[in-house]
Each structure stands twice: as C-alpha cells, then as structure tokens.
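In order, the protein sequences belong to chains V and H. Residue numbering for the first sequence follows the working numbering, starting at 1 and increasing by one per position. Residue numbering for the second sequence follows the working numbering, starting at 1 and increasing by one per position.
Derived from the structure by calculation, the hints contain no laboratory data. Errors might be hidden in some of the hints.
Stretch-level coverage of chain H by chain V, calculated; a stretch enters the list once three of its residues show a Cβ under 8 Å from a Cβ in chain V [said to hold, decoys possible]:
id	segment
1	412 to 425
2	668 to 679
3	713 to 719
4	728 to 737
All residues carry an ideal CB built from backbone N, CA and C; glycine is no exception.
What follows is each chain in one-letter form.
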Amino acid sequence: MRAAAMPIAPGDAEAGTTQYLSFVCAGEEYGVEILCVQEIKGWEGVTRVPYTPAYLLGVMNLRGVIVPVIDLRLRFGLPPRAMDGSTVVIVVRVRAGAAEKTAGVVVDAVSEVYSVAPANIRQAPDLGGSPDGACVRGLTTVDEKMVMLLDIDRLVASCIDAPERAGTA
Amino acid sequence: MTLDLAQFHETFFAESFEALDSMEAALLKLSAGEADLELVNTIFRVAHSIKGGSATFGFSDIAAFTHTLETLLDELRSGKRRADAALVDTLLRSCDLMRDMLGATQSKEPIDKARVGALHAEIELVLETPADSAPIDTVAGTAAMPAAPAPQDSAARPVQPADEAPTGWRIHFVPGPKLLRNGNDPLRLLRELATLGPCDVRVDAKWVPPLPELDPEECRLSWRIELEGAIEEAAIKAVFDWVEGECDLNLEAFGPAAEATATAVTAAAVTAAAAATSVAPTSAQAVTAQAIAAEPAAPEATLTQATAMNPPPQVSANEGLARHAAPATNTAPAPTAAPEESAAKAAAPATSTAPAAHGAASGDGGSIRVSIEKIDELLNSVGELVITQSVLSQLAAPLEGREAEDLRNALGQLERHMRGLQESVMRVRMLPISVVFNRFPRLVRDLGQRLGKRIELRLTGDSTELDKTVLEKIGDPLVHLVRNAIDHGIETPEVRLAAGKPAHGVIELNAYHKGGNVVVEVSDDGGGLRREKILAKARERGLVSGDEELSEERVFNLIFAPGFSTADVVSDVSGRGVGMDVVKRNINELGGHVQIHSSPGKGSMVRIRLPLTLAILDGQLARVGEEVYVVPIVSIVETIQVRQEQVGSIAARAQVFRLRDDYLPIIRLYELFGIEPQYTELLDGLLMIVEADGKRVGLFVDELMSQQQVVIKSLETNFRPVMGFAGATMLGDGRVALILDIPGVISRFHNREPRRDAAQQVAA
Numbered sequence: 001m002r003a004a005a006m007p008i009a010p011g012d013a014e015a016g017t018t019q020y021l022s023f024v025c026a027g028e029e030y031g032v033e034i035l036c037v038q039e040i041k042g043w044e045g046v047t048r049v050p051y052t053p054a055y056l057l058g059v060m061n062l063r064g065v066i067v068p069v070i071d072l073r074l075r076f077g078l079p080p081r082a083m084d085g086s087t088v089v090i091v092v093r094v095r096a097g098a099a100e101k102t103a104g105v106v107v108d109a110v111s112e113v114y115s116v117a118p119a120n121i122r123q124a125p126d127l128g129g130s131p132d133g134a135c136v137r138g139l140t141t142v143d144e145k146m147v148m149l150l151d152i153d154r155l156v157a158s159c160i161d162a163p164e165r166a167g168t169a
Numbered sequence: 001m002t003l004d005l006a007q008f009h010e011t012f013f014a015e016s017f018e019a020l021d022s023m024e025a026a027l028l029k030l031s032a033g034e035a036d037l038e039l040v041n042t043i044f045r046v047a048h049s050i051k052g053g054s055a056t057f058g059f060s061d062i063a064a065f066t067h068t069l070e071t072l073l074d075e076l077r078s079g080k081r082r083a084d085a086a087l088v089d090t091l092l093r094s095c096d097l098m099r100d101m102l103g104a105t106q107s108k109e110p111i112d113k114a115r116v117g118a119l120h121a122e123i124e125l126v127l128e129t130p131a132d133s134a135p136i137d138t139v140a141g142t143a144a145m146p147a148a149p150a151p152q153d154s155a156a157r158p159v160q161p162a163d164e165a166p167t168g169w170r171i172h173f174v175p176g177p178k179l180l181r182n183g184n185d186p187l188r189l190l191r192e193l194a195t196l197g198p199c200d201v202r203v204d205a206k207w208v209p210p211l212p213e214l215d216p217e218e219c220r221l222s223w224r225i226e227l228e229g230a231i232e233e234a235a236i237k238a239v240f241d242w243v244e245g246e247c248d249l250n251l252e253a254f255g256p257a258a259e260a261t262a263t264a265v266t267a268a269a270v271t272a273a274a275a276a277t278s279v280a281p282t283s284a285q286a287v288t289a290q291a292i293a294a295e296p297a298a299p300e301a302t303l304t305q306a307t308a309m310n311p312p313p314q315v316s317a318n319e320g321l322a323r324h325a326a327p328a329t330n331t332a333p334a335p336t337a338a339p340e341e342s343a344a345k346a347a348a349p350a351t352s353t354a355p356a357a358h359g360a361a362s363g364d365g366g367s368i369r370v371s372i373e374k375i376d377e378l379l380n381s382v383g384e385l386v387i388t389q390s391v392l393s394q395l396a397a398p399l400e401g402r403e404a405e406d407l408r409n410a411l412g413q414l415e416r417h418m419r420g421l422q423e424s425v426m427r428v429r430m431l432p433i434s435v436v437f438n439r440f441p442r443l444v445r446d447l448g449q450r451l452g453k454r455i456e457l458r459l460t461g462d463s464t465e466l467d468k469t470v471l472e473k474i475g476d477p478l479v480h481l482v483r484n485a486i487d488h489g490i491e492t493p494e495v496r497l498a499a500g501k502p503a504h505g506v507i508e509l510n511a512y513h514k515g516g517n518v519v520v521e522v523s524d525d526g527g528g529l530r531r532e533k534i535l536a537k538a539r540e541r542g543l544v545s546g547d548e549e550l551s552e553e554r555v556f557n558l559i560f561a562p563g564f565s566t567a568d569v570v571s572d573v574s575g576r577g578v579g580m581d582v583v584k585r586n587i588n589e590l591g592g593h594v595q596i597h598s599s600p601g602k603g604s605m606v607r608i609r610l611p612l613t614l615a616i617l618d619g620q621l622a623r624v625g626e627e628v629y630v631v632p633i634v635s636i637v638e639t640i641q642v643r644q645e646q647v648g649s650i651a652a653r654a655q656v657f658r659l660r661d662d663y664l665p666i667i668r669l670y671e672l673f674g675i676e677p678q679y680t681e682l683l684d685g686l687l688m689i690v691e692a693d694g695k696r697v698g699l700f701v702d703e704l705m706s707q708q709q710v711v712i713k714s715l716e717t718n719f720r721p722v723m724g725f726a727g728a729t730m731l732g733d734g735r736v737a738l739i740l741d742i743p744g745v746i747s748r749f750h751n752r753e754p755r756r757d758a759a760q761q762v763a764a
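Just need the whole structure built from these sequences, with the hints factored in.
As structure tokens, this is what we get:
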C-alpha cells in the first residue's frame, strides 16, 4: 500500500461526501462504499458450487455462515490470477431486495480510503450495452488516476442471480 | 401511572390460544363421556381468564361474548346444567368463535359480528331454557366432596333463600404477595366495595417487612372490612372476582342469619382445603375452583347450626336440604358449641394449606417463552464452538511430550462437554408431538359426524419429542392422512357390521423414537387399499406398462404419483390418493420417508419416518476428486465395490448396474458436477446406492470418508438455492462441504443432456 497519509479527494469539505475503500484489480483501481465493507480477510480457499458461473469461486465459512465468494477479475472478464496468501477477500454486506446478504469479493490488493463528494463523480460513459457497465456507479479522479466506483449491491446481485451453467470448470 | 397495555397483547393472545386448546381438549373429553369436575373447571377458567384479559385490554366484543359464555359455564360448573351433546357442541363452536375473534383482533381485522351475534343469541337461548335441575354426575362423582349430594342451586347461595339477608358483612381480605405485580390494585377493590354500602376499612400492616427488606412490588398488607347493608354474598364475591386465587378472602355475615352463614362459608373453605390437600392441585386457582365446587358441603353445616340456634327458615325453604340435614343434626346434637368448635378446628388446616397453594401458583410451571431466533443463534454459536474444538484437537494431535498429553486430555474433556452442550441446545427446540396430535380429536369427531361414521381415535406416544420446525411441517400431512383414513378408510357402520367388524372404526396415531428418527404411524381398521384397482388405474394412466408385475410396495407407492389422485379414479380406492403426492413431497422435504402397509378388509397404515431435527443431519462424507460431499445417511441403501460383470451399457453413454434383480442407472458425480475425479473407472471407486422417491440410483464416488452428524447451513441465506444440494455444512477443519439432495441430484441426472436448455431456464 502506498504510504501517503489519507489521500483526500478534492472537495472534501463539501457536504455529502462519501468514503470509499479502493482496491486494485488487474491494474485498475475500483472503489466500494466503505459502509458496505464488513471486513477484509486473507484468502483461505473456498468450496466450489457446481452449476455456478466461473467467477463465482464458491462458498466459504465466515464464522458459521455460508458466504459466496466472487472473483472480480473473472467477473469483469479480466485475465485470471492464481490465488495465494496475499490474495484479499473483501467481505461486503449488500442489499438484496428486502434482505441483506453477505458476500466475499476477491481482489488483487486493497489500497486506500477516499472521501468523494457527489460533485466529483462523473457518470461512466456508455460502453455500448455492456452488462458490467450497470455495476459501475460512476468515475472519479484521485491524484490524476481514474477510480471506478462500483454499485456493489448490483454487482453482487448480478452474480448471485446469474443463470446456471452445466457443471463447474 | 400510565401503562402501555399494548406490550402485553401478544402474551395475552398466545396464552389465550393455548388456553382455548386446553378448553377444546377438555370439551372433547367431556363429550367422550369422561365425567370430571376438573374438566368443567378447566373450561370455566379458560373462559374466565379470556374474559378478564379482553376486558382489561378493551376488546369489548370478546369480553361481552365470553361473559355470556361464562354464565352458561357457571351453570354447568354449579351442576345446574348437564353437559349433553348439544351443549358441548355449542361450547365447541364458541371455542372456535373465540379463537377467530382473538385472531381477528390480533391481526387488527374486523370481527365477524353476525357470527358472534348468532352464537351469542344461541347461548342466551340455552340460558333461558330451564336448566336440568338434577346434579350432573361430574359433581356427585368427585371425591373431593363425598358428603355433598345436595342440590346445588340452593347451596350456592346459602343465605338467600331465607329472604333474611344479613345486615352486614365482615370481610377479611389478605392479598397474595403477587397481587400488585399481576396488575391488581387492592385500593380499587376497596373502592368498589364501598359502592355496595357504608364501609369500615381497617388495614393490617403487621406483615410488612422492615424497610431494607421491603419489596415495593409485593403486597404485604391485609384488610378487615365491615360492610353494612343487606348485600348479597355474590355481589361481594364479584368485587373480588379479579383476584380470585390471588388472595385469601374470608366472608362473615352478621345479622339474623349471620352466624349460620359464617360457619357455612368456613366449612366450605375447610372442604376446599381438604380437597386441596387430597388432590394436590397445581395452582391456587384450582383450589379456588374446588372451594366453589365444595360449597355444596356448606348447607349441612348451615343446617346443623341453624337447627341448633333457632328454627331455621332455610329448612322450610329447602325441603331437599332437610333430608340431608337430618343425619348431620344427629351427629351434632350439642347446641351451638360443637359446630363452632369443629368449624374452628377445620379452619386451621384451611389456613395452613393456603400458603402451599400459593407457592404452587407462583411456580408457574417453570417455563419461559423464548423466540426461536435466539435459540438458533445459540445453536449457531455452539456449532462454531464444536468446529473450533475439533480444529484444536487436530492441532494438538501431532504434539509430543507430557504437556501435550495433558493438553489432549483437556481437549477430550472439552469435546465431551461440547457434545453435552450441543445436545442440550438441540433439546430446547424439541416439543412433544402432542402439539400436533391435539388437533385430531376435534377433526375426527367433526368429520366422523359429518360422514355418519363412528370413529374412535387412539393417540399413543404423544409425548414423543421432535424439533419444532419438523413439528410445524408435519401437521398438514398428518391432517391429510387422517382425513383420508376417515373419508376413505373407515367404512360406514352398516358396511362394517356386514363385514363382521365392530360398528365403530378405529384410527390410531402412534409416535415413537427409532434409531435417531421419529416414526409416526397413522393406521385405520377400514377397508384397506385395493391393489388390483390401483394397478389397473396406473396402467390406464400409463404409469405402469401393461404387463409389468410390481411388488406390493411399488403398487402402494403409486398412489403418491402426482395426478394419480384425481376424482376420476374409482372412488372407493382412489380418494386415498387425494393430495397424497403433496403429503409425500412435504415429508420428503423434511428428509423423511413414507411407507404404506395395507391389507384388504383389515385396514391400512401409513408409516412416516422423520429426522428428529432439521438443524442436524446424519451424513456420510464422500470424496470426489478434491471435493467432499455430505450424503444424507437416510437416503443411502448400501455402498458397493463394483465388479465388472455387474455393469452393462444400454447405449454408448448410459451405464447401468445390476443389483440383484434391479438395474440401476449410474450417476458419475464428477461428470454431473463437472469436477476432476481421482478415478474415472467404475472398478476403482465406489458406488453408493441411494434412494429417493422410490427410485434407486448408484452414485459413483472416489471414496467414502467418515460418517458424522453435520449442522445444516442454508445456502440461501447469502446465496441462492442450488438444485441438487440441500445446503452446506462446516467440516471439522472449518472447510465447507455441500450436502447432496438426492432427489435433486437424480432429477439433474435425468435432465442433463437432452434438456439442458430447459434446466437452465428453470434455474434462471
């Protein structure tokens, strides 16, 4: 992680700023609302569930609760990366209809916490009907770098509700 | 003090529903000819407490209805009325109505006033018709008062018939310590007394403890009240109606007939006390009920003393009493002194038994209400502890040295305690099956009546305990089976007599534990299933090919086929199938099994085997490649090492396995689940023969691992249900293993190639 002390996005003073936890995945930086993040865990392996898409790595045991784990690289169609001890799982709590669900999201590394004002969030350009586009809430720029802010509720829901496939790989 | 009563509503509803259940049970026993005063008292208590509660909470419709009902029950209780079939029927319907009214109030829906009005009017009509004056057997037969065959209407009001009401009453009112806590205010009672006439109230504070020991919520005061005026005893008792059973109340009249009444009341109390000690009632209320019931004993004492003192007007007023008074007077020839003395002597045990009764009441059965979520949380935590403990044991296993040995011993102890803890927590969720059985007497009675069949219901093993979640789901299937047995199993009395059977049929519900399962049997001694007709019907519908010969079991299982059970099926057999597929499905969903035994002309029996709990499952761990799956042991028939000659191929891909006389399809789990196995050759691995919905298949796995009880976790909580899997569980090392759902696996297998698109659509 970078040593910079709490990088502050421009316009922090404005009311309504939201804090985002950012992480890196295949060289790109993403952000999720920090209030959704329950904890950050090291990779401990999962149990695969047949008939689910490849990006759904399987389920893990989170203190007695079965929690699905999503590989963000595979979900976004990025080249896969081998799991090792440094692989990080961000455990998020999301709204799914009336209920709340817990899910793990595998990313390369966690990086920073940013405060982002609504005024600094740009709408993601229309990428031509890509279904993944819907999971990006917007774009913001921090230190000249683009950070994609994810709609984590929608992302997790899209994984859980994905159609079945015949057997896992 | 303002108090938000709404917070007590739920408790009131829950308790009222339970109370109504017990009222219904008592009514049914009464209608079955069981004559017991305690039953009548139970019924009365229920109506009384519902009346009280609903009046307190302002549910005036319920209060008004129960008030009238109570009047009727009071006549029943005092023996003025006999509990004949018509009356029991009315009371049962009142029971239903109260339940519906409470339900409507609970869900804040309007009460069906027309229905209430109709039944209300009916009860009032019953009240207006002159009561059967003969005492009901229930009263005479009660051991508590062998000396009281006297007509009770005169007994209930020992003073009134004489038209010589007392000029005043001395009341000694000793509230129980819990009176305040139960929401009663003695001050209110005193104020109400004052409305009856001029009152002289003196408080007795000698039992009030010193300040440091004082509990402000306990009532330690008692009162002596002198109430002037010609007031009916009942009017005074009515004031204390609310605290009945929570206080000691002593009424003493003074005036012309005063002394007589005083002893009468005391004597009643004595009899009550005697009854209290002899029958050991479980609550103070029971004692009170006994006391009221015991009042018939009073007239004798009244007369004894009345004759001794002055020529009593009562005797002329009650000729019936005089007859009974005669022996009493004979035994007490001494004027004045003797009866008083005996009354005093008798009064002593009365006071000494009272505290015991109060103690019993405050014990309250020793139970609390806990929400099921709290218990589940507890169960979860315990499950986690079990896993942590087994991780610890695994860590300790390779250690060496003396300290390691001590550590392992301690861990062994921990394991034993953990197992105990887990069992205790599981037991918290267990309830007796009587919770479900209790609805059947009513159902059998009503349906039998409607169909003109005479049916005796026998319940055995109703204290067998099983998990609450299982209990909740077993109710409907059982109702279905019992209805079927009544409707189609038991024949009409004429048919039965013609077949040389007793006119009334027997339906038996039996529950027992057997090897980690609960078995529930529903049997009848009716006509039984007609094998040939079922088979013919199945052939007609194409469920069975024309010349196929089936075992008895397979034939009976046909009635579980969906759609088999429609109205077009020949009626005397068929109706048995109505909804049988639903029954079977419900029970399979619970991880249970259904079996049917039947012999023509003698009856049939449906045997249901259920797991004790849904939270824990006996599982066989099986490995396929690197994955470990849990197979429910209840589904496993056997596990076999395959020999070459047992395997045959039907087409290029479809392999079958010959097990004795059956050919079973082979499901290669690695293929079905798309995983990398250790073995692909059938001869290398193992074949688990599993059964679901009467179908047997072989599951090909790499190897079997241990058998263990696993805690079932839902996949749905954070994910979604996946067909073929019943859930997941945590293994000893903290890893997650999926639990196979055999019916799901089989239907996956059948749907795999040709209908993949359909499967995907369903899943999506």
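Hints, verified against the model:
1. 412 to 425: That given contact is violated, which follows from only 0 residues of the segment 412 to 425 of chain H lying within Cβ reach (below 8 Å) of chain V.
2. 668 to 679: holds (count 5)
3. 713 to 719: holds (count 6)
4. 728 to 737: The restraint on the segment 728 to 737 of chain H holds, since 6 of its residues have a Cβ under 8 Å from chain V and three suffice.
Hint compliance for this structure: hint 1 alone is broken.
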